[in-house]
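K.L.:
Chain residues, written in single-letter form:
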Amino acid sequence: MLQLKKWGVLLVLLILPNLLLAQNSGKMRGFVTDEKNGEALAYGNVYIEELKTGASTDENGYFFITSIPAGKEYTVVFSYVGYQSKSIDVFVAPNKTTQLDVELSSEGVELQTIEKIGEKVIEQNATDIGLQRIAVRQLEALPKGVETDVFRSLQFIPGVRSTGDVSARYYVRGGASNENLVMLNGTTVYNPFHAMGLFSVIDPDMINSIEFYKGGYGAQFGERMSSVLKITSKDGNKYNFGVKASSSYLTGKVLLEGPIPDGSFILTARKSYNNDILRKFFNEQNAPFDFYDGFFKINYSNPDFIRDAKFEVYGFLSYDKLDEDDPFKESFNWQNNLFSFKWLQVYDSPLLTDFGIHVSQFKGEVIPNLSLVSPKSNEVSDVTFKGDFTYLFDSKDEVGVGVHIKTIDTKLFLLNPNGSPAEIEDFSSNISLYAKYNFLRYENFGLEFGNRFNLIGLTEAGSFRMEPRISATYMIFPFMKFKAAWGLYIQEITTLTDENEVISLFEPWVIIPDYLNPSVSRHYTAGLETNLENFTINIEGYYKSITDLPALNQNKKTADDEDLVSGNGEAYGAEVYAKYDFNPFALTTTYTLSYAYKDIENWVYYPRYDSRHAFNVILEYKIGWGWEASALWTYNTGLPFTPLIGFYDRAEIDNLHNYPYIIESFYPYSLLGDKNIGRLPDYHRLDLSVSKSFEIGFAKFSLDFSVINVYNRKNIFYFKRDSAERVNMLPFLPTATIKIEI
Amino acid sequence: MKNLIKIFSLLVLLIGLISCEEEFSPKNEFQEKYVLSCIIRADTTQQIAVVTRSYDVPGYNPYSNTTDPALDGAYIRIWYQDTVYTLTDTLVDRIDTTRYDTPVKIYKIDNFQPALDSELEIEALLNNGRRLRAFTSLPQTFKFNYNSDSSIPGNEEDAVTIGWYTASNKMMYLPQLKVYWYRKSIGKQDIRQLEIPLDYVNSGGSEVEYYPPASKTLGITYKMDVIDKALRGISEGNENKEDYYIIFARLEVIAMDENLASYYASTSVGGDNFSVRLDEADFSNVQGGYGIFGSYIKKSTSISLDSDYIRSLGYKPEL
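Residue numbers (our numbering), protein chains in the order written: chain S, 195 to 936; chain L, 142 to 460.
Hints should not be assumed to be uniformly reliable.
[To be verified] Below 27 Å or equal to it, Euclidean Cα-Cα: the simulated DSS-like pairs (lysine-lysine) are:
no. : chain 1 : residue 1 : chain 2 : residue 2
1   : L       : Lys174    : S       : Lys914
2   : S       : Lys605    : L       : Lys357
3   : S       : Lys914    : L       : Lys168
[Said to hold, decoys possible] Here are the in silico distance ranges between beta carbons for each label pair:
no. : chain 1 : residue 1 : chain 2 : residue 2 : range
4   : S       : Glu846    : L       : Lys370    : 26 to 32 Å
5   : L       : Ser292    : S       : Gly509    : 57 to 63 Å
6   : S       : Trp537    : L       : Asp299    : 58 to 64 Å
7   : L       : Phe276    : S       : Tyr789    : 36 to 42 Å
Simulated from the structure, these hints should not be mistaken for laboratory data. Ideal Cβ placement from N, Cα and C applies to all residues, glycine included.
Assemble the whole structure, with the sequences as input and the hints as a guide.
P.N.:
Take a look at the structure:
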């Protein structure tokens with residue numbers, strides 16, 4: 195409590211001088227949107243030429259500039275990569291807020307390189323270490339496995355790993371995949387995967403902006419301790435009705451959008467229709483997955499109702515089922531249902547409030563039919579209220595405070611290997627308050643410090659816990675910045691993930707039981723960011739420690755034994771990102787050196803996703819006349835595996851009714867060495883993609899042809915001991931997609 | 142530009158030529174381990190233990206090892222109620238010689254029948270001084286419910302249900318319903334038994350039997366149409382149904398203790414078809430090595446078959 199008071203006093207000391215500064219100046223605010231459809235242009239630039247200063251738009255396209263010397267006319271330049279810049283002359287009156295809603299046009303602008311989004315050329319002192327902004331166009335430019343996918347594209351970011359071509363699950367800086375928070379419009383998505391982790395449930399066509407925090411993120415984010423993926427959807431075309439349809443080998447999808455009175459809507463739907471391509475992912479095994487997802491969003495903004503307010507209602511659902519004809523094989527189904535209501539309000543004062551009620555449900559079930567698989571089911575119901583307040587001072591400093599109230603109901607049913615049923619049901623609430631102060635008054639220095647206070651935790655031990663976080667940026671030279679961050683992150687919910695499974699269909703969520711402490715991770719990050727005219731290079735180093743890391747109790751023998759045990763984790767490494775633009779080419783390379791360890795029950799081992807070196811090269815070529823091409827080469831050193839150290843004859847007791855079974859009934863069984871002590875061979879793969887966009891009449895067409903694993907590298911996925919068979923990842927695989935937009 | 146494409150193409154070609162498949166061995170250096178397997182039957186006096194060592198083979202097929210890994214010369218003792226019982230080295234003729242052709246090396250004791258719900262400890266001292274130890278508790282008593290069906294058909298016309306009860310919730314049960322029959326033309330010297338499946342299911346276009354798996358459930362229900370079908374199958378292809386005599390049915394239930402249940406479940410209750418588990422599930426309660434020290438008991442109850450029901454199938458009841 196004493197610590198909380200100290201933070202409060204510090205905030206007041208910082209805020210008071212700001213209040214005294216606000217004299218004889220004016221302010222400017224507004225939204226920057228796409229002229230064609232009214233979609234928000236997130237992370238664009240607003241620049242006041244005379245003052246050589248400005249601001250960036252947020253994910254809503256909103257900006258606010260304070261401390262503008264009043265009584266003068268200024269030229270304000272609005273720019274966004276891929277759009278024509280627009281200059282507007284505006285008079286700033288004292289103690290007034292000038293509203294500037296600006297629409298930018300992309301007509302006549304042919305990008306010579308892949309869109310470079312989110313470069314805050316204005317806010318050079320932004321405290322954003324570990325943050326990566328991804329444009330949907332960037333996703334589409336990469337060669338596609340079958341479909342454009344958000345999660346798969348993350349794997350090319352330094353510090354992010356996967357365990358194979360089969361899964362879009364990702365691991366960030368040595369953290370497990372259940373430590374990654376995925377949010378759609380602020381709502382947590384518990385199982386964001388289709389078809390056993392092959393693809394993301396979030397259709398790229400519905401995405402407006404993506405922010406990905408690899409670590410060191412601010413106090414506004416809770417719940418998970420490794421990373422945050424914040425996806426903001428489109429609002430829908432505010433001016434015209436539109437239809438988009440596209441088809442790949444696997445799915446067909448459609449998007450409808452258009453205006454409604456005082457707002458807009460968007461509706462997307464995607465459905466799988468052909469499973470043949472999935473055989474390539476599952477070692478030619480029949481994979482009868484059937485899945486669909488759907489999304490709608492309605493936006494309403496009526497000044498006669500509430501001025502400067504925007505209301506959003508959206509819903510999202512995804513459903514997967516795996517149902518085989520054979521009754522001796524099990525069935526699966528799982529679904530996400532999301533619903534949210536948001537109220538975004540801007541004021542004449544530089545205050546922005548964002549209130550939302552978010553409902554997220556996940557249900558997963560394993561139905562054994564007549565197989566020996568044990569039945570399992572998992573349900574998560576999450577209802578969260580979020581209230582976030584951001585206030586900008588005339589000094590350019592920002593303060594953010596918020597309250598997040600969450601209730602979670604988790605139900606898990608499973609049959610333990612010895613046949614005992616386990617029903618784990620937990621209902622819990624979390625009230626978190628956060629406050630952060632962003633010290634941005636100096637052009638060459640930024641400092642954000644904040645604290646997240648868990649008044650009530652989901653677990654008993656999680657109440658009255660602090661999560662202090664600090665992040666700083668210092669511009670050493672105009673082209674070079676030093677960034678650093680430290681933070682403490684608490685996680686109170688986990689999945690029962692069996693680390694011995696390379697592919698896992700059922701990963702149920704549970705609140706960390708009271709016999710364990712919530713997990714705590716400490717992030718230490720520092721890096722250099724260099725931006726030259728056509729060349730960008732970022733270098734970051736990190737160290738991450740995790741205490742009270744839950745792991746599945748592999749020694750559980752009886753129903754009375756605990757399902758989880760507690761351990762520790764440690765990860766450290768260095769990452770390099772370099773990009774060189776030389777029109778019409780862009781070359782991006784990333785390199786990661788990483789080490790990850792887990793210490794579970796005094797046994798230290800490398801987790802399944804630990805890889806020492808990862809290297810990616812992406813070459814993009816804007817050919818012109820609607821043609822684009824890209825090549826991606828990926829290299830990773832081998833993942834850990836547990837080696838075979840011999841065999842032994844195991845007593846066969848399947849036929850206990852026929853005595854004396856034990857005299858001769860033995861069968862060979864593998865004898866394994868130390869956990870994950872071996873390394874698989876290195877992984878590398880080259881993918882190519884060519885796409886062409888063209889128009890016929892009023893319809894726009896986009897064709898894409900990709901080839902995965904051009905030189906048919908046989909990257910080993912795992913070794914099947916029972917059949918002594920080497921199972922490789924994706925072979926040479928050509929794919930094609932077509933998109934039609936009306 | 143052309144140069145860039147040339148360099149890129151050359152690079153692709155080079156990578157493709159040198160790196161399509163890399164040799165991989167999932168093996169590390171062989172390590173010798175020892176395995177003790179002893180499963181006590183609480184319904185007989187003869188108990189058997191086997192001690193083996195681990196082995197390696199040149200490839201990955203363990204069946205290519207044709208040298209019996211069983212060890213002799215071990216000193217194996219069982220502690221039971223303050224008495225020590227010693228198992229002796231014995232060679233037994235091997236029936237199946239497809240893999241190993243030498244006699245089976247076992248350790249046995251002929252006069253040892255521990256009581257239910259009792260504690261046991263076993264220790265095997267190997268020739269090389271290695272010691273393997275394990276503990277187990279025998280299953281608790283279980284009894285068939287007096288109100289279970291005692292005849293086929295049962296109280297409910299479409300099913301036969303037999304239940305049992307016990308004070309323990311840690312045991313696992315494996316039931317098996319058998320019907321005994323013979324053909325009059327061959328004679329009673331050839332009495333046969335038919336195991337009744339729990340169901341018939343369509344698998345890959347053909348109908349297959351589904352037998353009851355081990356579980357913690359304290360009872361089992363057989364559907365009459367399944368019993369009908371199984372019994373009709375006895376005389377399939379033979380019009381002379383009256384040559385078939387049905388004697389009786391018996392439900393046998395094996396109750397496994399906690400250790401044996403875990404051992405059974407570690408490989409029998411498996412993962413699903415799609416999850417890929419790299420480290421195979423194993424269970425061992427043997428300290429200093431691998432294997433199992435567990436116990437079970439088999440109990441049975443007779444079930445009569447209604448004469449009219451047998452005649453309805455065209456068969457004759459053994460009166």
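K.L.:
Each hint needs a verdict: does it hold in this structure or not?
P.N.:
Right, here's what the structure says about each hint:
no., hint, verdict
1, L/Lys174 x S/Lys914, "holds, 22 Å"
2, S/Lys605 x L/Lys357, "holds, 22 Å"
3, S/Lys914 x L/Lys168, "holds, 12 Å"
4, S/Glu846 x L/Lys370: 26 to 32 Å, "holds, 29 Å"
5, L/Ser292 x S/Gly509: 57 to 63 Å, "holds, 58 Å"
6, S/Trp537 x L/Asp299: 58 to 64 Å, "holds, 60 Å"
7, L/Phe276 x S/Tyr789: 36 to 42 Å, "holds, 41 Å"
Comparing the model with each earlier hint shows no violations; every hint is respected.
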